[in-house]
Amino acid sequence: MSERAGGRPTGARVASGGHGASGRHGGASRSPEGMWPPVSRRRKAGNLVFWLLCALALALVIAPTLWLAVDIIGKAVGNWQWNVLVTRTDQLQGGLLQPLLGTLVIASGAILIASIVSILTGMYLSEYATGPLRSVLRGAYEVLAGIPSIVLGLVGYVTLVVGLHWGYGLLPAVLVLSVLAIPYITKATESSLAQVPTSYREGADALGLPPSWTMRRIVLKSAVPGIVTGVLIATAIIIGETAPLIYTSNFSDVNPSLAHVTHLAVPSLPYMVYYFSFLAQPIKHANILSADAALVLLVFVLVLILLGRVIVAWSRRHAE
Amino acid sequence: MASAPLARSVGEAVAPSPRRPAPMLRAVVRRADVVRWLGRTGAVIPLAALVFILVVLLIESLPAIRYNGLHFFTTTVWNEGVSYNALPVHSGGVYHMSGAAFGALPEIVGTLLTSLIALIVAVPVSIGAALTIVERLPRRLASLVGIFLELLAGIPSVIVGLFGALTFGPFIAHHITPVIARNVPDVPVLSFFRGQPGSGEGLLTSGLVLGIMIIPIIASTTRDLVRQVPILPREGAIALGMSDAQCARRVTLPWVGPGIVGAVVLGLGRALGETMAVAMTCGVALSTVPGNIYTTMTTIAATMFNYLDTAFLDGTGFAVRTIAELGLVLLVITMVVNIAARWLVRRVSGIALPVGRGV
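So the sequence lines, in the order shown, correspond to chains A and B. Just so it is clear: in the first sequence, position 84 is 84 by the numbering used here, and no numbers are missing. Just so it is clear: in the second sequence, position 238 is 1238 by the numbering used here, and no numbers are missing.
Hints listed in this document are in silico derivations from the structure and should not be mistaken for laboratory results. By construction, the Cβ of each residue, glycine as well, lies at the ideal position given by its N, Cα and C atoms. One or more of the hints may lead you astray.
[Said to hold, decoys possible] The following residues of chain A were derived to be distant from chain B, with all beta-carbon distances above 10 angstroms: (1) Thr121; (2) Leu125; (3) Tyr141; (4) Thr159; (5) Val196; (6) Pro197; (7) Ser212; (8) Ala294.
[Stated by the list, open to error] Covered stretches of chain A (in silico footprint by chain B; criterion: 3 or more residues with CB under 8 angstroms from a CB of chain B, positions within the stretch not fixed): (9) 78-92; (10) 95-101; (11) 144-153; (12) 234-243; (13) 255-263; (14) 300-313.
[As the list claims (entries may be wrong)] Computed list of chain B residues with no C-beta within reach of chain A, every gap over 12 angstroms: (15) Gly1081; (16) Thr1132; (17) Ser1143; (18) Arg1182; (19) Leu1190.
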């Protein structure tokens, strides 16, 4: 029984209210029942109340999330038509085609840039940097993760949209969202590199392989699953970011075009969720599209995070 | 005598291979250790971005800081001035619309109050949930709940906002707050809970929605911390006759206390800066400090989002500069909170807090 949760045998896990010690003497050495004084009712009740409250807390974590998911899915499923995915948005009606494309293009651009920077950063911090330089650089990206996304959007607006006269467009949105994604991928890279066994490096060193070759072909290679998971989670997070987009890509109903990365406002799903919702447009067609966009976004995010989980589990099973 | 020249001659014999052109370049590349230099270049980018963000906001908001002065933190009126039939005014070294006056007290108070409500809701719930996960749930169920927390952390804030504005807010405004508002006695602190329950947009809804959003950060960090509590002190507590509830309360939680404080502060940082969920549920009432827990209000981030369209109408650009000042205030608050949390946790318990949303 004490092995029940996670293989951590512990006296703290004995039955509610019992004397911890009595549960841990199994088999032949079990003490006669009369040896221990009876457990007072107050003590039993206190224990029960405490754990009931804790269970209630867990229920309070799970219930609102389920409610949210059921609500968002329920709102969309009633009017769901598969062709919204390929129908163009026309004013406040139509489908989700342009916002869908916009989100995909913005997210892939941002993830591409962020991955390059983050993998280099994570690699440097984990393998090369030492001392105060390391803690300063690490602290920088950790604090960067705490900056509210709306502030990043405003900075993008001030410097790129207005400062460089780019106007609203793909490029400012991509750059701002890539800054948002950097901390997540960097953290994933750093921690999965730190988990690569030292013996790999020592073995490569003993064989006389050059350090950079070891780095590329041995160390990075075994960290790939962790890094990919980090990239997926970062994608899930930036794909739903709305606040920076109002300042950088804004909204329109044109197709995103790589030929016009500036001066062309680009639609995106998360902004559509807000902009077509009852709060901004009390029009039925628009609200249905907003619910559809929310559902598509939710599915994207859940699939990305679950995929990350699966990769972690798979790589753990196939390690060694 | 021969060892060094021998090694060199062996090296020379092996290195130039006919299939590999430009041995000179390869040697240079190898000696310079490209990977290290690329890494260093990359690693500087987050730091540079951080400094860049601070400097840009500071420069952009300097005129606003000079004109708004300290009144920015003490007054409540938010007025971009007369836009029609009036020329811009030059005063205090800046151009602005005539009659412009900006006071961010409602924004600052609103930000702090929503985050306070979020913490009051999220902290006990997260700690209780973390204890249940570690001490009570079987391993499979615990990892399932872990996935659940991860998914909750990943839900986009605009979707949480949609849920809060269209379903959750109206629900509590119809079924819960009228009961509270009617039955709470009219004594000093509790009178904050009296008044018109409203339509479901306002302080309470925003705070609760924020609470839902920061639970995953606090709960998953606390869970990881509790898992690291060594077995010996807990066995000792049991041996001394504590029940397992007492052990959890008096041994396990205090053991990781500073870490939990860090996790809570990290959640606070997120609640302070959250934009969409609050902007969609707060009702955006500029210029008023909330009088009771049901009133519509605004936060710094929500104002930055909702006021933007109006700010663009200010031909002098002063309103945008004031928004930048708001952003600077928010940035400073969240950075201080973040750095404090990380410093505290690293100093006391030696573990690193999760990054960002704690996924």
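**Leu125 (chain A) and chain B, when compared Cβ to Cβ, separated by more than 10 angstroms** = violated, 6 angstroms
**Prompt:** Non-interface claim for Gly1081 (chain B): all C-beta distances to chain A beyond 12 angstroms?
**Reply:** holds, 21 angstroms
**Request:** Confirm or reject the statement that Ser212 (chain A) sits farther than 10 angstroms, beta carbon to beta carbon, from all of chain B.
**Result:** It is violated; Ser212 (chain A) is separated from chain B by about 4 angstroms at its closest Cβ, not greater than 10 angstroms.
**Message:** Please verify that the nearest CB of chain A lies beyond 12 angstroms from Arg1182 (chain B)'s CB.
**Reply:** holds, 24 angstroms
**Prompt:** Far enough from chain B: is every CB of that chain over 10 angstroms from the CB of Pro197 (chain A)?
**Reply:** holds, 20 angstroms
**Item:** Check of the region 300-313 of chain A against chain B for coverage (Cβ-Cβ below 8 angstroms, three residues minimum)
**Value:** holds (count 6)
**Asked** Would the least Cβ to Cβ distance between Thr1132 (chain B) and chain A come out above 12 angstroms?
**Response** Given that some Cβ of chain A is not farther than 12 angstroms from that of Thr1132 (chain B), nearest at about 4 angstroms, it is violated.
**Request:** Closer than 8 angstroms, Cβ to Cβ, for at least three residues: run that test on the region 234-243 of chain A against chain B and report holds or violated.
**Result:** holds (count 7)
**Item:** Non-interface claim for Val196 (chain A) versus chain B (Cβ beyond 10 angstroms)
**Value:** Given that every Cβ of chain B is farther than 10 angstroms from that of Val196 (chain A), nearest at about 15 angstroms, it holds.
**Item:** Whether chain B covers the region 144-153 of chain A (at least 3 residues having a Cβ closer than 8 angstroms to its Cβ atoms)
**Value:** Answer holds; 9 residues pass the 8 angstroms Cβ test.
**Item:** Status of Tyr141 (chain A), Cβ more than 10 angstroms from any chain B Cβ
**Value:** Check fails; 4 angstroms does not lie beyond 10 angstroms.
**Prompt:** Are three or more residues of the region 78-92 of chain A within 8 angstroms, CB to CB, of chain B?
**Reply:** violated (count 0)
Consistency note: the structure conflicts with the earlier hints numbered 1, 2, 3, 4, 7, 8, 9, 10, 13, 16, 17.
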